[in-house]
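There are 2 protein chains.
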Amino acid sequence: MDNFEFRIVKRDKNSKARVGVIKTPHGEVNTPIFMPVGTQASVKTLSSEDLKEIGAEMILGNTYHLYLRPGEQLVEKAGGLHKFMNWDRPILTDSGGFQVFSLNSLTKTSEQGVRFQSHLDGSYHLFTPEKVVEIQHALGADIIMVLDEPVFYPCSMEQAKRANQLTLNWAKRCKEAHKELEDKGFKHKQALFGIIQGSTYPELRKNSASALMKLDFPGYAIGGLSLGEPKSTTFEMVDLCVSYIPEQKPRYLMGVGTPEDMVEAISQGIDMFDCVLPTRNARNASLFTRLGKLIIKNSEYADDFSPIDSECGCSTCRNYSRAYLRHLFNTGEVSALRLATIHSLYFYMDLMKMAKDAILKNRFLEWKMEFLKKYHSNEKDEENKIGNNQTGEGK
Amino acid sequence: MDNFEFRIVKRDKNSKARVGVIKTPHGEVNTPIFMPVGTQASVKTLSSEDLKEIGAEMILGNTYHLYLRPGEQLVEKAGGLHKFMNWDRPILTDSGGFQVFSLNSLTKTSEQGVRFQSHLDGSYHLFTPEKVVEIQHALGADIIMVLDEPVFYPCSMEQAKRANQLTLNWAKRCKEAHKELEDKGFKHKQALFGIIQGSTYPELRKNSASALMKLDFPGYAIGGLSLGEPKSTTFEMVDLCVSYIPEQKPRYLMGVGTPEDMVEAISQGIDMFDCVLPTRNARNASLFTRLGKLIIKNSEYADDFSPIDSECGCSTCRNYSRAYLRHLFNTGEVSALRLATIHSLYFYMDLMKMAKDAILKNRFLEWKMEFLKKYHSNEKDEENKIGNNQTGEGK
Chain A
1 MDNFEFRIVK RDKNSKARVG VIKTPHGEVN TPIFMPVGTQ ASVKTLSSED LKEIGAEMIL
61 GNTYHLYLRP GEQLVEKAGG LHKFMNWDRP ILTDSGGFQV FSLNSLTKTS EQGVRFQSHL
121 DGSYHLFTPE KVVEIQHALG ADIIMVLDEP VFYPCSMEQA KRANQLTLNW AKRCKEAHKE
181 LEDKGFKHKQ ALFGIIQGST YPELRKNSAS ALMKLDFPGY AIGGLSLGEP KSTTFEMVDL
241 CVSYIPEQKP RYLMGVGTPE DMVEAISQGI DMFDCVLPTR NARNASLFTR LGKLIIKNSE
301 YADDFSPIDS ECGCSTCRNY SRAYLRHLFN TGEVSALRLA TIHSLYFYMD LMKMAKDAIL
361 KNRFLEWKME FLKKYHSNEK DEENKIGNNQ TGEGK
Chain B
1 MDNFEFRIVK RDKNSKARVG VIKTPHGEVN TPIFMPVGTQ ASVKTLSSED LKEIGAEMIL
61 GNTYHLYLRP GEQLVEKAGG LHKFMNWDRP ILTDSGGFQV FSLNSLTKTS EQGVRFQSHL
121 DGSYHLFTPE KVVEIQHALG ADIIMVLDEP VFYPCSMEQA KRANQLTLNW AKRCKEAHKE
181 LEDKGFKHKQ ALFGIIQGST YPELRKNSAS ALMKLDFPGY AIGGLSLGEP KSTTFEMVDL
241 CVSYIPEQKP RYLMGVGTPE DMVEAISQGI DMFDCVLPTR NARNASLFTR LGKLIIKNSE
301 YADDFSPIDS ECGCSTCRNY SRAYLRHLFN TGEVSALRLA TIHSLYFYMD LMKMAKDAIL
361 KNRFLEWKME FLKKYHSNEK DEENKIGNNQ TGEGK
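Going down the list, the sequences are from chains A and B. Residue 324 in my numbering sits at position 324 of the first sequence; the count goes up by one each step and never skips. Residue 199 in my numbering sits at position 199 of the second sequence; the count goes up by one each step and never skips.
Treat the hints loosely; a few may be bogus.
Cβ-Cβ distance ranges computed for the label pairs, FRET-style [unchecked claim]:
hint : chain 1 : residue 1 : chain 2 : residue 2 : range
1    : B       : 122       : A       : 110       : 45 to 53 Å
2    : B       : 179       : A       : 302       : 31 to 39 Å
3    : A       : 377       : B       : 69        : 31 to 39 Å
4    : A       : 280       : B       : 123       : 41 to 49 Å
5    : B       : 180       : A       : 306       : 48 to 56 Å
6    : A       : 280       : B       : 69        : 56 to 64 Å
7    : B       : 305       : A       : 297       : 34 to 42 Å
In short, the hints are calculated from the structure, not lab data. Predicted model, so just to flag it, every value in this text is computed and none were measured. Virtual Cβ for every residue (Gly too), placed ideally from N, Cα, C.
Starting from the given sequences, assemble the full structure and let the hints guide the process.
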């Protein structure tokens, strides 16, 4: 595939962490990478210029939402998602599967696909593997995902097994549909990633991973985690899945996560992340800082004229105080949502930069310890402290 | 006063329009000027950097709102309104009078001042002329306003007369209070403007104006207009008031207005404007363009990939299409509010620039005709067309 390439720049000596570069038709991105979630062709509260200033290298679009509004035909007519939202850097679109199952209580899944009702107007729709690939071709992202049937936690072995088989069958059909469309010379080339499922069952994860590897996707996602299972289980599953994915393929842990979880996953060899946490929390006045979470509405910040995070270089921290941001939140100014989002996303970008630097200097595990110690230093609840993190380094 | 200066750069030969420069402790601004309204230490949806990029030279802050939240003491502690909101260009604060009377149905006015209940929590407050000057000193704007008792339209002659006398008495007390605080060497110097009232009664306007001129304020506002009275009356009153204000003093028409009204008022010799119209309308998806108003939610824009206004140089027009902005509004993305506000304020800034250019070239009236013709060219309703504008040029 000449449109997609992943090369590893540096491997950490003491963990599975690595620094890499993903080449796409819209330029290169550095890994480990965090992708802000641009649900409806927009990362909530931000413009594409804001995203560039924050340093976002690749963003995620939600196929489910874009299919419903404004519809993939309109996006295609605009010249694709990049042109529609004026974002010329890489984009990844998910398959829509996760939203179909999480936003709709009544879905009907069969070998053919999944039938669902729009959460907006109750209208009926059918997503088949082929349809989902077609939609994603119309949207024109650089990386697209296969349709999967995610299972939530907890999930019976039987249910997870059935979903696994369906996910595998659908993955094959997605690959075929993608190849057919590609052969027609459909726009710029897109890389289709596979998704490993299997809930919290090691056996199923193994089966899912090994079967998908045979299909030889250019990259692999690990799905169905961080859904309420114990942290130790999450990282056990990540470790297992990673062990099946060839070194030279990018590994994407979907929907993760918190700074702590991402740092842990990087040490296990994960390259890509996405999560609504920094943006959603920011809109609820909960900010990420090097010293942990900061609830900006708290009265202690009423006359605190220091920036959110004194070590942060984002435009919000350079220009505004905690007292001012608190005032904007308390008076219901929507500009508060944007200023908070800018900060928290910038923090996530910074976190990836710090992780990369540490890997390049062969001191990832030391940096990780330092980062977590500082990140938890303000916590009163001892149980949340670093010592409680049960997972190993995934060696 | 060495802190405040107004000089006229150019007088139009065929109207009373003029180009000037106001010098303040936070730099110079060019007139005619439109001041975006920053109600709660923030122009809604925008950051101070946005305002700079749009080209705003001076903004307005609402004393009533800032007094209630976050309180003038907090703003003072932050180092003043400029520092609090990170805006280093000039600011004008109003006296709060208009909000007291328009946001509160139960106010009790006496010679002493006006007692009111907060619209937020019902708590009781008293604004006296002295108190309002003190608050504005704490906020630290470059131009501050006297407390007045605005009357709404329609208003009996008797009521307007009584309010006029109160406004005059309060103006004297404001001036004294201001001088006292100034003599104490209170922060940077502030220019206190008087406000001409008198409803729609020429006699009262004359009385108000001539009495206020004797107090020799460094600048004068015309209040109590554009409140529902006929347009012809508005401009009759403006003309009358302007005739009393010395040439060398800046003239500020409060709360006006629409592009048409501002263009008319400029020809009558008005130098300063403020209005919530561009920002409030933008948040309701109604945009100003050179071809009149544009309701971006209309279905005709669903697949219109052209910018809001093809002649506009704002960042929204440079980067996004009508179709995209419509999508953001229709899906409830708050970024839509900001992108729309950026456009409409930029249009207002552009309008002032165009007016200035035309005055400098001695072709203001021709430009005004061209502008209005184009601005109304899309209108179906003949009555709104330029021919219906009843006011003369104020010669």
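(message) Let me make sure I understand: some of the numbered hints might not hold for this structure. Which ones are they, in numerical order?
(response) The structure breaks hints 1, 4, 5, 6; every other hint is satisfied.
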